[in-house]
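J.: Each chain is listed here by its residues.
Protein chains: 4
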Amino acid sequence: MSSSSIGQRFVFTSFGESHGKCIGATVDGCPAGLEIGERDIQTMLDLRKPGQSIITTQRKEDDKVEILSGTYKGHTTGAPITMIIWNKDQHSKDYDNLTLKPRPGHSDYPAFVKYNGFNDIRGGGRFSGRLTATFVMAGAIARKLLSKTLGIETFSYTCQVGSVKMKEHATMKMKNSVYSNEVRCPDPKIASKMRETILAARRRGDSIGGIVESLTVNLPVGLGEPIFGSLESDLSKALFSIPAVKGVEFGSGFHGSTLHGSENNDEFLIKNGKIQTKTNNAGGILGGISTGMPIVLRVAFKPASSIAKKQQTIDLHTKKSVSLVVQGRHDPCVVPRAPPVVDSLVSVVLADHAIRAGFIPPVIR
Amino acid sequence: MSSSSIGQRFVFTSFGESHGKCIGATVDGCPAGLEIGERDIQTMLDLRKPGQSIITTQRKEDDKVEILSGTYKGHTTGAPITMIIWNKDQHSKDYDNLTLKPRPGHSDYPAFVKYNGFNDIRGGGRFSGRLTATFVMAGAIARKLLSKTLGIETFSYTCQVGSVKMKEHATMKMKNSVYSNEVRCPDPKIASKMRETILAARRRGDSIGGIVESLTVNLPVGLGEPIFGSLESDLSKALFSIPAVKGVEFGSGFHGSTLHGSENNDEFLIKNGKIQTKTNNAGGILGGISTGMPIVLRVAFKPASSIAKKQQTIDLHTKKSVSLVVQGRHDPCVVPRAPPVVDSLVSVVLADHAIRAGFIPPVIR
Amino acid sequence: MSSSSIGQRFVFTSFGESHGKCIGATVDGCPAGLEIGERDIQTMLDLRKPGQSIITTQRKEDDKVEILSGTYKGHTTGAPITMIIWNKDQHSKDYDNLTLKPRPGHSDYPAFVKYNGFNDIRGGGRFSGRLTATFVMAGAIARKLLSKTLGIETFSYTCQVGSVKMKEHATMKMKNSVYSNEVRCPDPKIASKMRETILAARRRGDSIGGIVESLTVNLPVGLGEPIFGSLESDLSKALFSIPAVKGVEFGSGFHGSTLHGSENNDEFLIKNGKIQTKTNNAGGILGGISTGMPIVLRVAFKPASSIAKKQQTIDLHTKKSVSLVVQGRHDPCVVPRAPPVVDSLVSVVLADHAIRAGFIPPVIR
Amino acid sequence: MSSSSIGQRFVFTSFGESHGKCIGATVDGCPAGLEIGERDIQTMLDLRKPGQSIITTQRKEDDKVEILSGTYKGHTTGAPITMIIWNKDQHSKDYDNLTLKPRPGHSDYPAFVKYNGFNDIRGGGRFSGRLTATFVMAGAIARKLLSKTLGIETFSYTCQVGSVKMKEHATMKMKNSVYSNEVRCPDPKIASKMRETILAARRRGDSIGGIVESLTVNLPVGLGEPIFGSLESDLSKALFSIPAVKGVEFGSGFHGSTLHGSENNDEFLIKNGKIQTKTNNAGGILGGISTGMPIVLRVAFKPASSIAKKQQTIDLHTKKSVSLVVQGRHDPCVVPRAPPVVDSLVSVVLADHAIRAGFIPPVIR
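Residue numbers (my numbering), protein chains in the order written: chain A, 2 to 366; chain B, 2 to 366; chain C, 2 to 366; chain D, 2 to 366.
Excised from the complex, chain A in its bound form (with noise of 0.2 Å):
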């Protein structure tokens, strides 16, 4: 299988370059019926674009979705969909000393190294933070064969910046609130404080980490298979896709760690006639299946590795030391523009083992 896929039935294969001429997605195995238009995918694409604020990067993309293949009067046909993005906006001279001067915390070294000079490297190429925009697109459609076949919702947001963070878990009420702050926090008061942390951060020609956390709602129980189809394994396989991403948890994750069983344990009730537990510290999956509690997820982001501080580097064709700043236009904080990447490859995965496990059929009538 192609390391630029994922998925065994939904197959979500990603293609393109940052300053290429385009990146794009190709699904297949989404069922045929399911009613999609490029302005579903432009809707989800628009909540990642950059630009939109003093906290991301100022570099502007029309990020325009052109769906290529695999519809028919509005709906899919069950053929390959291939949606694209036309890239505008590069820059590729800011790139042109990469090459023989590797970033710290970039990918330049070892890609230099494995593909011997040979790799796109405007603009990060293929290890940019921009193809995450194609799993949006891929995201997008599974988010909606998600919602119309089983009501299953995700939703993520930012939950930690720096040292700020929220104290509690973010509730399906304050769905609506995500986006109506630029760093994607529900609680405002919280959103105003990371704000600073990351202008601050700017400021300083510097950047700053942070955590997303995911939350989905409304999943049957059953999907997920033992043992290397566990829902964790394939959730955490496509999250630490997105560069940057350094740490995957799912529900008491880390902190579970420190505790016993007897407070770690979720007990079963019966609770509006359906059978749940009382706590979630299993985060929705117990045995790597879906106990139809939410799945809760969180994604630790470290800072940008682009800053505009002065690095220490080595000179490939030298092999010495030199001093490296890197230029460019770049976002102080990744996390405020992840929440709807970290949603799409939620609901890619999920799609995917919704329709392995039976749960969403070949076509939908």
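For chains that are exact copies, the list does not tell them apart, and a pair is met inside one copy or across any two.
When the alpha-carbon atoms are kept at most 25 Å apart in a straight line, the in silico DSS-like pairs for lysine-lysine are as follows:
no.: 1; residue 1: K279; residue 2: K174
no.: 2; residue 1: K320; residue 2: K275
no.: 3; residue 1: K166; residue 2: K176
no.: 4; residue 1: K279; residue 2: K310
no.: 5; residue 1: K74; residue 2: K102
no.: 6; residue 1: K102; residue 2: K311
no.: 7; residue 1: K190; residue 2: K174
no.: 8; residue 1: K74; residue 2: K89
no.: 9; residue 1: K65; residue 2: K22
no.: 10; residue 1: K65; residue 2: K89
no.: 11; residue 1: K22; residue 2: K89
no.: 12; residue 1: K320; residue 2: K102
no.: 13; residue 1: K272; residue 2: K174
no.: 14; residue 1: K311; residue 2: K275
Keep in mind the hints are simulated off the structure, nothing from the lab.
Since chain A is already given, all that's left is putting chains B, C and D on it; use the hints.
T.: Chains B, C and D in isolation, oriented as in the chain A frame:
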């Protein structure tokens, strides 16, 4: 692809159930010509064997591996290597009442719904931690392959139990002291405190969680493939298949998300004539590709779900709330048995990627 | 994906060697709840057993199947089903001189080069026709699954041996007479001539080729996926894995390439209230998708390569021409043993596609 | 894995519809450093272009390929290579009455049922022969890769049309004369008779079938993997994805099944200092592995289903029998356009296997 399989070129399939006839592993794609025998696998299996001390389950298993296929005259042949362990010491009666009274924190409930009661529930069936012995069988082969061809070595250890944690990363020097104590922590003082914590939990009929850290050295630059074949993606997919794992992080991980780019970026320098980084917050992986620095990752284990304390659950037949005391012999803390399992999965993933990247040829000459 | 595996949802992996400890099959993805036992598999295995008559090899094998995993209380559990047959009656000495003197028509030479001599050459190792018993193990499960859930039935028979051939296709009525004679041809007169042809070849220390035809009925419309998941693609991939197969055709096949469209097209009509075609030159498949008409395919087997006649080959050590007489007990014609093998692979592929197309659910209730 | 994809390391995905916006191909896994440009692909595409002569469809297509990703400075980068052809000359009206009146011999009926009418039926949609242009895009890359790295060359030609056939196999010398005539037969006299046969069919509003033979030389020993990764398995899987293909055979193929082992076995000898076989009835493949001898295979094409003659079908709405005359411009014989398509798929499969077997490295230096 089967959900019981992982890998593209070095493909590992796990089969068997906790209390069935046997548990087994098939490895396909291992290069021909690797010297391997049952002893190589047994040695590694013995490191995770239960019943070794008072802090793990008292269930005694011989766990003698038998190679059924794929070797000839003491070497791999290029054919699939199937290995099994015959199950012996099962106490299936202990689990008789579990079908209809799902244990909190276990897969009982979602598995029952998913398989409509057809799954083998004895000893947890497919969901049992016992299946991790199959990971070790495959891992022993992967480890030897990596060691013989590339000199790659991986070692894991317990770095946290409950709130007791090591202050610093282990170094390669500590490698040999990992197995000198029963908690598998290379720092003997911390090990002693961890042991206390586990015994305290045990006395209360409770369990406790913890964290395993893994270190891999001597990697060439260039393992891993963007986008969905990133090392982080494939390592996390493998690691989340271990029952009880709820979090995985690389390098500075979750802590890194609180940092600034200027703190977290690893500057390049020349050391011993080789390009290295000053720090290793990336955990040896940039852009999903190995940098040549040690791969550092941490795996969070929740406290074992099986505890002797009374818990509330639902009788699936009557749909009424009932209380439950889990019978059987269980680990108060699974972490001390986890390091060889983590080593194994890391090795399996790296062997696959080393073959994919052309570092290991189809035949070892 | 492992080269020893086939299928996407119903995944069959074959392992073992002709003269190793055992041969085995793992089926992953079989829906839970299918009633299955060793007897179901043994019954089908017995149909391909060698030593049944004077026209096949005199090698006697018990070939008793043992299910190692994946069933519980007589039903499938949704977990991988591993089955093995312990090898017994090997005469490995017969093959001692083969390593360096490759047999004409055998895999000896390319396998020796590919694996640098590490492959298990005893009895042909992985390349032995004996491995087709693993196809039958998996096929027996697939067949029962298809029969129980959809009423699909497949049957194959010898339609040609050397130049002796049936004049017409077999009909479903003939199904029961296939196994009434040792050549597996439903026409007793033709069967008798085929037997003569095989015995004549045998007397001369020679072998003879032949053709197996396969008929599958009761398929729903809609199995198969364009483009590379066409039924013809997946069936041929499976069938060409049988040693000695050198040709596969569907419906009018090679003969159809001499016809005009007006002769070869199958016109649609209503029969018994169902849409059918007047003729079935398409062999039940249009555009790679099942039409509901019987799937008709033919598989060409070359004459067995192992013959008692003296042949020329090369001593790989001296690089000199030498003559060779292949020792051991061999089938003068493999075709009579092939029908259950063809049935098995057809069933495995159709089971996979029936699951993929949503015709068989993850659990049989 | 997507059903629109083929290959494990050199992965080709086909997308697009006959009368949609475009048709396209994505190749992932092509080694970095291969010099490639649109001209390389265009040259091969032009060989299958319709409208070249009176014996093929009069539909005119420019079929200009555009590379969207995966190359940089004229070389492959290791990233997925996406290529498209914008569709132009569609006459979609011609197909308006097809939905409810399925054409005999076409995918209309099973596709309608499978997709519940949601599939794009214009011009055959996904089932159109036009999609074979995407095979050629991928094939052009594979061909250049094989040629540059290993000197492997493949060439295909029309060896039979209706009952007119070449008496002998083509030789490498004839390679250049294949495209000197419009039927793509290297024997000019036979070519002339084939042309007559096609024109005669055309005059009657009918079509005619034929056979393409493919020859590949300079293969190393050792491509192909037992059991389901045999060269025959993977080549046939690819070739049966060509619409209209109903048979595939290797070496002596179906004819070989009438022979004795002593006739069909290829004896080994030393020629030009290399181990070769005296004859090549195996078609260059033993045990699924390349022997170093030329790969010889034949592909049977049924007569094109679209004919101008009146045929009987069923109105899917009224369930009544109706007569149908297929409108539109069609090939009276698809065979003359098939050789570059066969070449392409053979090259795609061999490129994949050459990478898997370690004969082509991840980077071409």
